[in-house]
Amino acid sequence: MRESTAEKHGRTWVPSVSVVVPTVGRPELLRALSSVREQTSDAQVELIVVHDGGPNEDLPRGVDGIADRVLRTKGRVGGSHARNIGIAAAGMNFVALLDDDDEWLPTKLDAQFAVLGTRDPGRTVVSGRQLFVDSRTGSVSRPSPDRLIEEDESVEHYLFRRRPPSGGRPTMTTPTLLLSTELARATPWDESLRRHQDWDWLVRLGRQPETSFVQAPEAVVRINLGSAGSISASTDWRSSLAWADRALKADRHIYADFVAAQTLRYALAGRSRSGVRAALVALRRAGCLPAPGPAAIGIAGLLPRRVIDRVTSSTGGVR
Numbered sequence: 001m002r003e004s005t006a007e008k009h010g011r012t013w014v015p016s017v018s019v020v021v022p023t024v025g026r027p028e029l030l031r032a033l034s035s036v037r038e039q040t041s042d043a044q045v046e047l048i049v050v051h052d053g054g055p056n057e058d059l060p061r062g063v064d065g066i067a068d069r070v071l072r073t074k075g076r077v078g079g080s081h082a083r084n085i086g087i088a089a090a091g092m093n094f095v096a097l098l099d100d101d102d103e104w105l106p107t108k109l110d111a112q113f114a115v116l117g118t119r120d121p122g123r124t125v126v127s128g129r130q131l132f133v134d135s136r137t138g139s140v141s142r143p144s145p146d147r148l149i150e151e152d153e154s155v156e157h158y159l160f161r162r163r164p165p166s167g168g169r170p171t172m173t174t175p176t177l178l179l180s181t182e183l184a185r186a187t188p189w190d191e192s193l194r195r196h197q198d199w200d201w202l203v204r205l206g207r208q209p210e211t212s213f214v215q216a217p218e219a220v221v222r223i224n225l226g227s228a229g230s231i232s233a234s235t236d237w238r239s240s241l242a243w244a245d246r247a248l249k250a251d252r253h254i255y256a257d258f259v260a261a262q263t264l265r266y267a268l269a270g271r272s273r274s275g276v277r278a279a280l281v282a283l284r285r286a287g288c289l290p291a292p293g294p295a296a297i298g299i300a301g302l303l304p305r306r307v308i309d310r311v312t313s314s315t316g317g318v319r
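Just so we're aligned, residue 1 is where the sequence shown starts under our numbering, counting upward by one.
Hints listed in this document are in silico derivations from the structure and should not be mistaken for laboratory results. Please note that a few of the clues may not be correct.
Using C-beta positions, here's what the derived DEER-type ranges look like [as the list claims (entries may be wrong)]: (1) 40 with 280: 49 to 59 Å; (2) 107 with 212: 20 to 30 Å; (3) 119 with 89: 25 to 35 Å.
On a predicted model such as this, the values are computed, not experimentally measured, just so you know. Think of the CB as a built atom: it goes at the ideal place given N, C-alpha and C, for glycine as much as any other residue.
Starting from the given sequences, assemble the full structure and let the hints guide the process.
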């Protein structure tokens, strides 16, 4: 951490990070863990793996030699529960998250501690840009998002309002996140949700007193697309609409944009007439039309999934 931060808050503070990696035992886990060990940062790192596999499922050979701690859930209880277990066990000042099929870039921690240096480290959630990698072709997107969150902008406004149908759309993916352990423990992941768990966590973090968000301007992670079993590939419009009703109704414009871009898209992708009807009823009750970008994303639910992935994750050039 920069000395200015320690001086500003009146104490000597050496950064230390507990990295929580939930896993079902994918072979890519070794790559993810190695990316943590290859960080250029001088911060002290505790690497916690939380195994959410079944009782007869083993981790890839070599995990015990890389991780500091390996914890186990009761088996297949979900990523939210696994992350809560890891966060509860964290012994460092900060918590950072990583999925088992993604990987950090070597300067991830350095970049994030640099932008944290002018802020209150106890009340700031740090994200950053990412690279999306097509696991089938190996192609890599340009760094995204295009626009970073503005000072005093709410995280739900940033993520959902006027969301553009492009690879540069506003995002704060879970593997980019770093925050104080105290703040993470004060806002546990909701284990009851079937989808939108990551967005739900961000929104509830943003509603904690004096919490702010900041993003490193450079790419800090590689997000590997196309992993088997991804909930994001499902068409569960009911869970999506239920979450919007619970979390986003305070602002009808954000709510309408979300329902159009997410719930309506899932319903169209699943060819669900009842889902389309429910989304349109929700939009009518909101009393406002969605912005053009979210509306376009919603209509894109009529397109094949592979076309949507190509347009939304790789727009702007592949290198």
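Results for each hint:
| no. | hint | result |
| --- | --- | --- |
| 1 | 40 with 280: 49 to 59 Å | holds (50 Å) |
| 2 | 107 with 212: 20 to 30 Å | holds (23 Å) |
| 3 | 119 with 89: 25 to 35 Å | holds (26 Å) |
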